[in-house]
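Here are the chains, one letter per residue:
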Amino acid sequence: MDGFYHLMDGFIGAATASNLLYAFIGCVLGTLIGVLPGLGPAAGTAILIPITFNLDATGAIIMLCAIYYGAMYGGTITSVLINVPGEAASVITCIDGHQMARQGRGGAALAIAAVGSFFGGCVATVALAVVAIPLAKLALGFGPAEFFALMVLGLCLVVGLAGKNLAAALLMTVFGLLMAMVGIDPVRGAPRFTGGIPELFDGIGFIPVAMGLFGIAELLIAVEQHKAQIISAKLTDLWPRRDEIGPCVKAILRGTGIGFVLGLIPGVGAVIPTFMSYVAEKRLSKHPERFGNGAIEGVAGPETANNAYANASMVPLFALGVPSSPTIAVLMGAFIINGLTPGPFLFEERPDLVWAVIASFFIGNAMLLALNLPLVGLWARLLRMPFSYLCAGVLIFCMIGAYSLKQSVFDVWVMLGFGLIGYVLRKLEFPLAPAILAMILGPMMEKSLRTTLEISGGSFLIFLDRPVALVLLIIPVIALGFVVLRPKALEPLREADAD
Amino acid sequence: MRRGRQLTGLIMLLICLVTLWEALKLSLFDRLGPGPGFFPFWLALIGAVLCALVLLQVSRMPAVRPDPAQPAAPIFPRGDMAWRAAAILGVSVLGTALLEPLGFRLAIMIFSACLLVALGVRRWWAVALFAVVAGFGLFHVFNNWLDVLLPVGMFGI
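In the order they appear, the protein sequences are chains C and P. Take 10 as the starting number for the first sequence in our numbering and just add one per residue. Take 1138 as the starting number for the second sequence in our numbering and just add one per residue.
Simulated from the structure, these hints should not be mistaken for laboratory data. Treat the hints with caution; some may be incorrect.
What the hints assert, rightly or not - EDC-like mimics (lysine to aspartate or glutamate), calculated; alpha carbons at most 20 Å apart, straight line:
no., chain 1, residue 1, chain 2, residue 2
1, C, Lys456, P, Asp1217
2, C, Lys436, C, Glu233
3, C, Lys436, P, Asp1167
Said to hold, decoys possible - What the simulated footprint calls covered on chain P by chain C, stretch by stretch (three residues with Cβ under 8 Å from a Cβ of chain C suffice, anywhere in the stretch; the number is not a length):
no., segment
4, 1179-1185
5, 1226-1240
6, 1245-1251
7, 1254-1260
8, 1284-1294
Claimed, not checked - Derived, one-sided and incomplete: chain C residues facing chain P with beta-carbon distance under 7 Å:
no., residue
9, Asp65
10, Ile193
11, Asp194
12, Ala199
13, Thr203
14, Phe419
15, Lys456
16, Arg459
Built from N, CA and C at the ideal position, the CB exists for glycine as well.
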């Protein structure tokens, strides 16, 4: 019941005029990011951080979270209307959503996606409110050894699902951790690996790196993609047929469950819940042959799972301080910029902020539902924007974003450099998600490990004396062992992610 | 792909070895516990082993002989696509280099105009309009409305 009362307080905080406005702006900008091909949620959220600099911490986080789940919904529109997913999680929606649009039922596809997203998002947020406090209380009993083990677990799960090549994924993790080592040592205050460059004393900025790896690299890859044909969908008939309502309700309920459970596991990524939901609907359907030809459950289930996942993935961030995906890592960066450290202590230090943000998820989801259906025509028109203007606009926002963090052109160079590195690494099939998660967790991991070893006098045997830490370290060993010994078991999930 | 992965593995190995060398110059362990070099040292060591593993995997990859009937798609773009990607990077470098000396407004005007022309926009009025709105409009929005300070150059604009 604690969670319920806190959530009610959160609604009071979230329902102020300014916070409602920030949630609204976030939803609109997020949908725009989702709609525009070549700009994913991670890059979009990173690029838009500067517009929150002048806001109070609560307003800034509310707006950035709204950008995130707005982007998750926005990708659906392009999937349905032009068969091009605005972001990776909407890939599966292309299959039946676009077929529905070709049959003149694009309105029904977008409407059921909006309703499913709203339901999945709201249920996942209720579950977040219920689960977060017990999980945070449990984590409050953690010492540095447990936190180190928890971060190792989070990174290993990301690595396990990151790509076909485990060694390459682990190498990317080490690369991210090494990037985080540049700057002032967090324990002793000694400068390291700076090469005498004063700008590096504060370390390599996480946000410029995220913008480069995800924003610039995505843009360079988008150059190679061909133009798609926009289907002028009839958006007057927004509701499913009567005989479709029953299967849709079941698909939405199953999608919510799948999205929420998978959202709790770091590293799963937004694509896998949608893929699993689609497979589940097809297997459970009495007429699986309809899938691929415009089955509405093929839109309702995955879209619900997508938004349930987006809201559930906030649980590890809020309760444990561990980001589960690159976009959540960018959000974690935004918390840190605002002087906040996500994790169990945040519930004690800033309950007003945490619960206002959680309550804002309901408000934001309702706004998305109310906004998106009437505005589908407008979003569809935006898809006609020529790539040249889109590219120039995104690059300018990236430059503003990178510069304004520290009023430093050096960060713009960092962003461009990592853009090129990200482009090459993606082309060579090196996964980038482990690198960005490792980079944000690196300083905390180092601090936790060194504090643990200071306590133990340098002995690693301390991990054997701490049962929770030991279990948390054994799980990734088993998980990675499973990946090495049974590489084919995870193949379908990886293929879904790669697609 | 094979050569690209080999080169990437070698560059990463070099980064790990340099980090290892630099970490050894820092204190690894002292009377207070692990020093500033401790964590990077172990990371670089693990990284070097992983690089070796990646290089070994790549060397074991079967060499693909090009089939003249079905040529494989190149990993990196060629022709027009390569030109567009290079234009994006090149103009971005130019824009960044001009940010401090010329200030945001002029640098972004030049950047926008060059990029649009490089990407094939030929309507001069559209290029000019976009450049002015991007340079002056965004400066006004960020500087005056959002209180985000953007660079002002040697001409005071």
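Each hint tested on the structure:
For the hint pairing C:Lys456 with P:Asp1217, the CA-to-CA distance comes to about 48 Å; that exceeds 20 Å, so the pair is violated. Restraint check for C:Lys436 and C:Glu233: satisfied, since their Cα atoms lie roughly 12 Å apart, inside the 20 Å limit. Of the supplied pair hints, the one linking C:Lys436 and P:Asp1167 is violated, its CA atoms being roughly 43 Å apart against a limit of 20 Å. For the segment 1179-1185 of chain P, the proposed coverage by chain C is satisfied: 4 residues have a C-beta within less than 8 Å of a C-beta in that chain, meeting the threshold of three.
Here the segment 1226-1240 of chain P counts 7 residues with a CB under 8 Å from a CB of chain C, which clears the bar of 3, and the coverage holds. Judged by the Cβ-Cβ criterion of 8 Å, the segment 1245-1251 of chain P is covered by chain C as claimed, because 3 of its residues qualify and three suffice. Only residues whose C-beta sits within less than 8 Å of a C-beta in chain C count toward coverage, and the segment 1254-1260 of chain P has 3 of them, enough to reach three; the restraint holds. Counting residues of the segment 1284-1294 of chain P whose beta carbon lies closer than 8 Å to any beta carbon of chain C gives 5, which reaches the threshold of three, so the coverage claim holds.
Taking 7 Å as the C-beta cut-off, the interface hint given for C:Asp65 is violated, the closest approach to chain P being about 13 Å. The interface hint given for C:Ile193 is broken, as the beta carbon of that residue sits about 9 Å from the closest beta carbon of chain P, more than 7 Å. Taking 7 Å as the C-beta cut-off, the interface hint given for C:Asp194 holds, the closest approach to chain P being about 4 Å. A least Cβ separation of about 5 Å between C:Ala199 and chain P falls short of the 7 Å threshold, and the interface hint therefore holds.
The closest approach between the C-beta of C:Thr203 and any C-beta of chain P is roughly 10 Å, which is over the 7 Å cut-off, so the hint fails. Because the beta carbon of C:Phe419 sits about 10 Å from the nearest beta carbon in chain P, more than 7 Å, this interface hint is broken. Of the supplied interface hints, the one on C:Lys456 is violated, with its beta-carbon coming no nearer than about 9 Å to a beta-carbon of chain P, more than 7 Å. For C:Arg459, the interface hint holds, since its Cβ comes within 7 Å of a Cβ in chain P; the closest pair sits about 5 Å apart.
The structure fails hints 1, 3, 9, 10, 13, 14, 15 (numbered hints given earlier, in ascending order).
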